[in-house]
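Chains as they are written, first to last, in the working numbering: chain H, 150 to 395; chain R, 76 to 385.
It is worth saying that the hints were derived from the structure and are not from the lab. Glycine included, C-beta positions come from ideal geometry on N, C-alpha and C. You can trust all of the hints, since none of them are fake.
Cut-off 20 Å, straight-line C-alpha distance, at most; resulting in silico cross-link-like pairs (EDC-like, lysine to aspartate or glutamate):
1) Lys165/H x Asp211/R
2) Lys300/R x Glu343/R
3) Lys300/R x Glu115/R
4) Lys300/R x Glu274/R
5) Lys165/H x Glu173/R
6) Lys184/H x Asp197/H
A few chain H residues that face chain R, going by a derived Cβ cut-off under 7 Å, partial list only:
7) Arg160
8) Ser228
9) Trp230
10) Arg232
Residues from chain H that face chain R, not an exhaustive set, calculated with beta carbons under 8 Å:
11) Asp152
12) Leu153
13) Asn164
14) Arg235
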Amino acid sequence: MTDLLLFQLRRVGRNKQYLFFTVLLPALFTIFFTKVIGGQAPAGEYQDLAGAVLVSMMAYGAIGAALGATIRIAFDRSSGWLRQLRVTPVPTGSVFSVDVVVGALLVLPSLLVVALVGRFVNGVEFGLGTWLALIGSLWAGSVVFVALGVAVGLSLDAQAAGAAIGILGTVLAALGGLWFPVEMFPDGMAALARAMPSYWFAELGRDVAAGTFAGLPVMALAGYGVVFAAAALVVARRRPLHAVAG
Amino acid sequence: MGGQARGMPEPLALDVRGLTVRYGSATAVHDLTLAVPRGETVALLGANGAGKSSVVNAALGLFRPAAGTVRLLGREPAAALEAGGVGAMLQHGGLPSEARVGEVLALVRRRYDDPWPLADLVATAGIGGLLDRAVDALSGGQRQRVLLALALAGAPPLLLLDEPTSAMDVEGRQAFWTTMRGLAARGHTVVFATHHLDEADAVADRVVVVAGGRVLADGTAAAIKSQIAGRTVRFRCPGLRDGLTGLPGVTGISGDADLVELATSDAEATLRALLDSRTPLPDLEVRGASLEQAFLHLTTQRDATEGALR
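Work the whole structure out from these sequences, hints included.
See below:
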């Protein structure tokens, strides 16, 4: 299974677009938002602001990485590769689990790069324990979006999947308050934001960064995770991996 | 043709019994039975939509048939594939994007206990010089050869190929079938679907003609050819045609009000008789029967003999 994992990682690594949107773009946004908004903030508030942007952008990058890596299943199905693998001794089940692992692994570089930019470019000051807890909790929480990406990737054909990667990430980020904080939202949109898994994902990060107990975000994310995983299993059963896309 | 498996120590390479495949309400394969002993090279010959792919895909366990059983080398399809006994080229098979040919080949070869030695595999499949190539940069014919290499990676005793030459040019086809003949000579069982009579004729020991999801004819290539490789004699003939069916060699008559088409198994005898009868033959033409005509002919023959059943 390691060989299949390395094979898949190498393939994603060759995809410049993926690397741009999941690593470089969140890092650039981190600098941009912090310098634009933080530049006008009073000196005492800069740290809070830079910290909030950092957490939002870590969440944004992680969501994009998790979705991008897993929705790709649709491409492998459309190309006939999954069907081809089905007639080799490579077990189909392992293809599925490897894609889940790949999705989870690829979240990490995105989290790390944004964290490094936050620390060394924007000067966000957290204790080492907080940094580790923040990266660890967001990495764990990203499983929710891996499950969502698998469900979406199994449901769509290649063309729709290509569009879904961009649209889904953008919608989750915008409506979940990752680009503009929910405090700036009108009431109706703020309520909508609280129905977004991305909001609770960022909320988890904010609680961990503030050192407060993150009970509610954890429960909300667990709920979404169960729903998405169940959806993925239902779709997987209905449309086997080797079915011709259509 | 040996087809009796019972009591023999070695299981059949391909053993399909009573296979019925349905897509929704449409039935693609009707109660089809096919036994292929090891070492045989068999062509499944049929027009598009005849049910060839459905037979191959069901044989590979890619979907669950509505009825019937399939055994590959004595095992269930999934078990046979996992054990590495079967190599397959699918009509809708494909290669992964953003990968190199060598990486894909290595991934699959590593799964076999005793893979085909790389250098020989590369030479046999004709993919020399392609190993470092990106999959996305391959031509249609190159892609097909890489898929062949994947099918051969485990040196499988049984090969199932679904229209393997469809993306190849004439030279590619010739090279491909030369390879297949070599494999057959080494004892591999090769079962392939095709709609080219010449491919079936050139490669297969045995040709199974499939139409409408049923076996229409099953025999040596020569025997099938004599049945379906008839000729058509055409000429203008506005008058009475009653005498024409009685001519030597004529197996069928068709055409419109003006033009008559005689299907014949012996064009020479038919023509001789026509000329002797001094019938005027304006616009006379003699041509090979197309596969479609041959299928039609076989279908009518079958319907005549099995008419009571339908």
